[in-house]
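Trainee: Just need the whole structure built from these sequences, with the hints factored in.
Residues per chain are reported as follows:
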Amino acid sequence: MSSEQMLEIMALVDGELATGRQADVQRLLAADTEAAALHRELGAMRQVIRAHEPIGQVADTREFYWSQIQRRIEQEARAAAHAANPKPGLSSWLRWLVPVVGVAAVAVVVTLQQTASPTITEAAAVVDSSQAEASSLTYRSDADGVTVHWIN
Amino acid sequence: MPMSLKNDYPSATDEQLVGWSREGDTEAFEQLVFRHRDKIFARALMMMRNEEEALDLSQEAWVKSWQRLHQFQGESSFATWMTRIVINLCLDRIRRQKKMRAESIEQMEEDLGGVERHMPIEHANPTEGLENDELRKRIDEAMGKLTEAHRTVLALHEFQGLEYKEIAKRVGISIGTVMSRLFYARRRMASLLQGLKRERKE
Chain A
1 MSSEQMLEIM ALVDGELATG RQADVQRLLA ADTEAAALHR ELGAMRQVIR
51 AHEPIGQVAD TREFYWSQIQ RRIEQEARAA AHAANPKPGL SSWLRWLVPV
101 VGVAAVAVVV TLQQTASPTI TEAAAVVDSS QAEASSLTYR SDADGVTVHW
151 IN
Chain B
1001 MPMSLKNDYP SATDEQLVGW SREGDTEAFE QLVFRHRDKI FARALMMMRN
1051 EEEALDLSQE AWVKSWQRLH QFQGESSFAT WMTRIVINLC LDRIRRQKKM
1101 RAESIEQMEE DLGGVERHMP IEHANPTEGL ENDELRKRID EAMGKLTEAH
1151 RTVLALHEFQ GLEYKEIAKR VGISIGTVMS RLFYARRRMA SLLQGLKRER
1201 KE
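Residue numbers (this note's numbering), protein chains in the order written: chain A, 1 to 152; chain B, 1001 to 1202.
Output of the computed footprint for chain B on chain A, the stretches with three or more beta carbons under 8 Å from beta carbons of chain B:
1) 3-10
2) 37-50
Label-pair ranges, simulated between beta-carbon atoms:
3) N1088(B) - A23(A): 37 to 45 Å
4) Q1071(B) - Q47(A): 29 to 37 Å
5) E76(A) - I1175(B): 33 to 41 Å
6) K1137(B) - E16(A): 26 to 34 Å
7) Q1097(B) - A23(A): 42 to 50 Å
If you want the ones that stay clear, here's a sample from chain B, every Cβ over 10 Å from chain A, calculated:
8) N1007
9) W1081
10) R1096
Everything labelled a hint here was simulated from the structure, so no lab data went into it. Even glycine gets a Cβ: it sits at the ideal position worked out from N, Cα and C.
Mentor: Given below as C-alpha cells:
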C-alpha cells in the first residue's frame, strides 16, 4: 500500500473521501487483506476515541471558581470603561500645564523688563546728575513731593 | 418572563439562561458556568495537558463568552459555542508558545516521510473487554503520550467534530498535513492502547 492509499482509506472512514475515489478504495479493501485490516483499525479507533472522551473535573468549589471568573469580568469591564473615558491623569495635566507655564514665563519676562527699566533710568539719572553737578541746580520740596532740576 | 420562573435558574434551559445573561443577569450566567464548567475545562485540559493552564484558559473562555453573548445566535448549542471559544483560546496559546513546531525526533520523522507506514496493524481490538471508565482513562493516558501537534489534530477531529478542511484553517497547516497527523495519531493510539493492555495483563 502506498501512503496515498493509506490516507484514502482513512478519508473513507471519516466520510471525507471524494465520491470519484470511493469505488477504487472499496476495490482495494476487497483485494488487499492488509488494507482491510487498516480500515478496521482506523474505524475502531475513531469510534472508541469519540465515545470515550476523557472527563475533566474542576477541583475548585462552585463559589470559588465563579468568584474568579466574576473578578476577571469586572476587571475587564473596568479596563474597557477606562479606555473609553480616560480619567484626568498626568497626560491631561500636561496638556494644560504647558500653555500655562508658557504664559507665566512671558509674564515674568515682561515684569522683569518693566521692573528693570526704572532702575536703569535712575542709574542714568544719577550718572547724569554726577556729570552735571557742576552746572546744575536741584530744588526739592518735600511738602509738595516735587524735585526740579535746572541744567545749564 | 414571570419573576418566579426567572429565579428558578437550575430548571431553566440554556437558551433561557443565555437570554437572561444577555440582560446582565450574572446569576443566570453563573448557572451556565456551573452547568458546563467541567466540559470546558476537560476540553482545555485535553489540548494543553496542564491543569493550571487549562483552568486559566477555561476561565478566560467564560469571560470571553460573557462579553460576546450578543454574538451567540443559537445556531449550535451553547455548549458547542463555548467549546469553540475555549478551543480557539487554546490554539492561540499554543501558537504563542510555539509548541506547534517540530518538538521531537518522532514528529520530525513523521513529517518527513511517515513512520506510521511501518507500524504494525493492530488486528486484535485493544479496547476489548474494558469498562467505559477504564477505557476513558487509558485513552487519556495514550493521548498524553502523543505529541502536541498530533493530539491537537486528533482532539479537533474526534471531540470537536471538525472536518479536515476546518482543522487546516484553525491550526494553520495544509489539509495533507492534517490527514498525515490524524493518520499517525490514530495508528499511534491503537499501538499505545495495545501496549497498555499488555502492561496491565503482566
